[in-house]
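Visitor: Sequence:
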Amino acid sequence: MLNHTNINWKYASLFILVLQNSMLILTMRYTRASVPEDKLYLASTAVLMSEVLKTLLCFSAIYYLLPNPSLKGLLLFLYRELFIFWKESIQMAIPAILYLIQVSLCV
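This note's numbering applies: residue -16 is where the sequence shown begins, and numbers increase by one.
FYI, nobody ran anything at the bench for these hints, they're computed from the structure. Treat the numbers as computed from the prediction; the structure is a model and nothing was measured. Backbone N, C-alpha and C define an ideal beta-carbon position, used for all residues, glycine too. Incorrect hints may appear among the rest.
[Said to hold, decoys possible] Derived pair list, reagent style DSSO-like, types lysine-lysine, alpha-carbon separation capped at 27 Å:
hint, residue 1, residue 2
1, K70, K55
2, K(-7), K37
3, K55, K37
4, K37, K70
5, K22, K70
6, K(-7), K70
[Claimed, not checked] Label-pair ranges, simulated between beta-carbon atoms:
hint, residue 1, residue 2, range
7, A(-5), L23, 22 to 28 Å
8, A16, G56, 43 to 49 Å
9, S72, S43, 34 to 40 Å
10, L58, I84, 28 to 34 Å
11, E20, A(-5), 36 to 42 Å
12, S(-4), W69, 19 to 25 Å
13, Y13, E71, 35 to 41 Å
Could you build all of it, start to finish, from the sequences and the hints given here?
Guide: See the structure below:
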């Protein structure tokens, strides 16, 4: 079980994710504007890579906050949160899908 008493993690992760999202959009707009059309990359590729990076960072934060960090413990935690408490997962999926649409429209 994660230690939810430390509220600093909540604000730190919010700040990092807001900073990361802002930098992603600014960097993509700059790089796409300064490159000839024949060398443009797909914006969806950059969004996908950004989401993969955020997922890895979140997994590492969860791993760090586990009482006994191990790969088995991380997998059990993810299983419990995603499949046993599936109603909470669905509640989080709705804003996540809206966020994905918003990011896709911004770039």
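Visitor: Taking the beta carbons of S(-4) and W69, is their distance inside 19 to 25 Å?
Guide: holds (23 Å)
Visitor: When you take the CB atoms of Y13 and E71, is the distance between them in 35 to 41 Å?
Guide: holds (38 Å)
Visitor: Taking the beta carbons of E20 and A(-5), is their distance inside 36 to 42 Å?
Guide: For A(-5) against E20, whose Cβ atoms are near 40 Å apart, the range 36 to 42 Å holds.
Visitor: Is it true that the C-beta distance of A16 to G56 lies inside 43 to 49 Å, as the hint says?
Guide: For G56 against A16, whose Cβ atoms are near 45 Å apart, the range 43 to 49 Å holds.
Visitor: Does the beta carbon distance between S72 and S43 stay inside 34 to 40 Å, or does it fall outside?
Guide: Given about 20 Å between the Cβ atoms, the range is violated.
Visitor: When you check the alpha-carbon spacing of K70 and K55, does it fall within 27 Å?
Guide: The given pair, whose Cα atoms are some 23 Å apart, holds under the 27 Å limit.
Visitor: Verify the proposed pairing of K37 with K70, using a straight-line Cα cut of 27 Å.
Guide: This hinted pair holds, its Cα atoms lying about 23 Å apart.
Visitor: Is it true that the C-beta distance of L58 to I84 lies inside 28 to 34 Å, as the hint says?
Guide: holds (30 Å)
Visitor: Starting from K22, check that the Cα of K70 is at most 27 Å away, please.
Guide: Not satisfied, since the Cα-Cα distance of roughly 44 Å exceeds 27 Å.
Visitor: Regarding the pair K(-7) and K37, is the alpha-carbon distance no greater than 27 Å?
Guide: holds (15 Å)
Visitor: Is the hinted pair K55 and K37 satisfied, with a Cα-Cα distance of at most 27 Å?
Guide: holds (21 Å)
Visitor: Quick check: does the Cβ-Cβ distance between A(-5) and L23 fall within 22 to 28 Å?
Guide: Given a distance of about 35 Å, which is not inside 22 to 28 Å, the answer is violated.
Hint compliance for this structure: hints 5, 7, 9 are not met, and every other hint is.
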